[in-house]
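Note that the protein sequences, when read in sequence, are chains A, B and C.
Every letter in the first sequence is one number past the one before it in the working numbering, and letter 26, counting from 1, is 12.
Every letter in the second sequence is one number past the one before it in the working numbering, and letter 150, counting from 1, is 136.
Every letter in the third sequence is one number past the one before it in the working numbering, and letter 213, counting from 1, is 199.
Please note: incorrect hints may appear among the correct ones.
Identical copies look the same in the list; a pair holds intra-copy or inter-copy alike.
[Said to hold, decoys possible] Straight line, CA to CA, 25 Å or less: simulated DSS-like cross-link-like pairs of lysine-lysine:
1. Lys121 - Lys193
2. Lys121 - Lys176
3. Lys190 - Lys48
4. Lys48 - Lys121
5. Lys190 - Lys139
6. Lys99 - Lys139
7. Lys190 - Lys176
8. Lys48 - Lys193
9. Lys193 - Lys176
10. Lys69 - Lys139
11. Lys31 - Lys176
Hints are computed from structural coordinates only; laboratory data are not their basis.
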Amino acid sequence: MNPLRKHILELWSMIPFIGDGSWLHRHIKSNQLYLYNLRKRRLFKLADNVHFMGEVFSAGEKNISIGAHTHIGAHSIITAWDKTLDGTTHQPSIIIGSYANIGEYNHITATNKIQIGHNFLTGRWVTITDNSHGKTDYGSLQIPPLYRTVVSKGAVIIGDNVWIGDKATILPGVTIGNGSVIGANSVVSKDIPPYCIACGNPAKVIKSNSPEKDD
Amino acid sequence: MNPLRKHILELWSMIPFIGDGSWLHRHIKSNQLYLYNLRKRRLFKLADNVHFMGEVFSAGEKNISIGAHTHIGAHSIITAWDKTLDGTTHQPSIIIGSYANIGEYNHITATNKIQIGHNFLTGRWVTITDNSHGKTDYGSLQIPPLYRTVVSKGAVIIGDNVWIGDKATILPGVTIGNGSVIGANSVVSKDIPPYCIACGNPAKVIKSNSPEKDD
Amino acid sequence: MNPLRKHILELWSMIPFIGDGSWLHRHIKSNQLYLYNLRKRRLFKLADNVHFMGEVFSAGEKNISIGAHTHIGAHSIITAWDKTLDGTTHQPSIIIGSYANIGEYNHITATNKIQIGHNFLTGRWVTITDNSHGKTDYGSLQIPPLYRTVVSKGAVIIGDNVWIGDKATILPGVTIGNGSVIGANSVVSKDIPPYCIACGNPAKVIKSNSPEKDD
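Can you build the whole structure from these sequences, using the hints too?
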């Protein structure tokens, strides 16, 4: 350990009470976070030039591949759960292509499979999930949500050159084709073909393109 | 005061100018926040094992009860206003049951009453409000919004085992029954019966359950 | 430089490796941010009593005017881009009136013009944009979104005394009249007349007022 860092830690140890949210508590947390992040980055399958633009929280890194020249926005959360609180196990994978630019505060969570193509662009507060907290029959809904059996309706597959606006949500089992644009605040619950503009809650295609009808 | 903390504060006092956002400014703020939070926690009606998972901003803590074994996500804001900028006074209450897991960045604000059952689960960026910035007649809309008379259309009552997805908003006067699920990005403006799945903006029931039709 | 600050920087220089997210790295970043923010504030066209309630990220400050007695919420982002990654240049302006209260985590971005009246009030996670990442024809959608030619459908003009709820999004080319209210999670894609209540995705007027029908 670096002598100054050691000295600082010794000073800290003199403090009888280090409360939640205190300056010293934060610094200790900050150092722990640093070591934690360093260790975590090694766990991911990262190509060259993957940039975490701030704190990125994650779980299941060995099942997460991120392509080259990619930026992951600060405060984003990427989790591939191989075990959930209900006790079930999963074989999740998250695969993000090259040259992705994921905005700040994105929330990507898998128990099954989320596969994203190249040149992906998202705004802020985008949610992408392939799973949900349990079935929706009467019996399941009487269990505390956190302890319901986590289920996946299917993989999320997103093509190349897709752009997703601020606050949109992509739900389980959805495929979004190459080049499509998802408007802000949209909720994508069904497949979106390639080269389409989709928006709304639930999202509907408001413009579609094909090579023939190109303007 | 702890001698080291005292020494640090003395060092700080040597600094002629501590600007907004500077390191030192932040540390002072951080210490103030610490003391502030310690004091605040004492003001709340907290059961055992209530965990604030980071900074939680609050107002009107004496009117906020939080049940046992509860986690409140970082960056959440819980406010029970007994006075608002328009000069009116209120008798607000926020009651959260046991084993709640409130996600990060939630926004819960009351001037009337928000009552939430046990085993509550929310995603990120969920808003729950029982009040709004004024009436919507022509005269009111000519007043600056912050100075309109804050009004509540009614209490928000949420049953047990309710799960609310990312970015959903629960509006004033709404009751959500036991076991119901509110989809991501939904805006709940009307009552949702028990054991239902509701989504959309405004939210509509897309699946309902009863003991008879259980699958 | 202040002697204590100098001393601290000297201590820092002793540390051989300052990693991303470490305590020391953060402090250096924090100091840089402080100097950066100080410099940035000078670049803005700010009236008296403009308060940044925490870190506000910005670009193109010389084209951003903010009126007196205004609060800009922490973690907000205000950008007026005079050049975008596709290589095109723009002449953007963002003009915010007096007594605005912009909530936390707002996202205001212009390449054309965003003009906002007095007494503006927004919730959290509000997006206001006058531009988008390119045209939506087949050819454009084959280009990586970040490199498409940024286009503006038109200016965003917001009147006086407008209140916008949490998570709403205001799209390019839209005018919102004086005194109107935009509900939480709304997506405003068309003009909203004065003294109206609009909500939904896309937003629709659910109540309109005129002096004659005042209640």
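Verification of the hints:
no.	hint	in the structure
1	Lys121 - Lys193	between (34 Å within a copy, 12 Å between copies)
2	Lys121 - Lys176	both (18 Å within a copy, 24 Å between copies)
3	Lys190 - Lys48	neither (35 Å within a copy, 39 Å between copies)
4	Lys48 - Lys121	neither (28 Å within a copy, 38 Å between copies)
5	Lys190 - Lys139	both (20 Å within a copy, 21 Å between copies)
6	Lys99 - Lys139	within (11 Å within a copy, 37 Å between copies)
7	Lys190 - Lys176	both (9 Å within a copy, 17 Å between copies)
8	Lys48 - Lys193	neither (39 Å within a copy, 37 Å between copies)
9	Lys193 - Lys176	both (16 Å within a copy, 17 Å between copies)
10	Lys69 - Lys139	within (17 Å within a copy, 43 Å between copies)
11	Lys31 - Lys176	neither (30 Å within a copy, 44 Å between copies)
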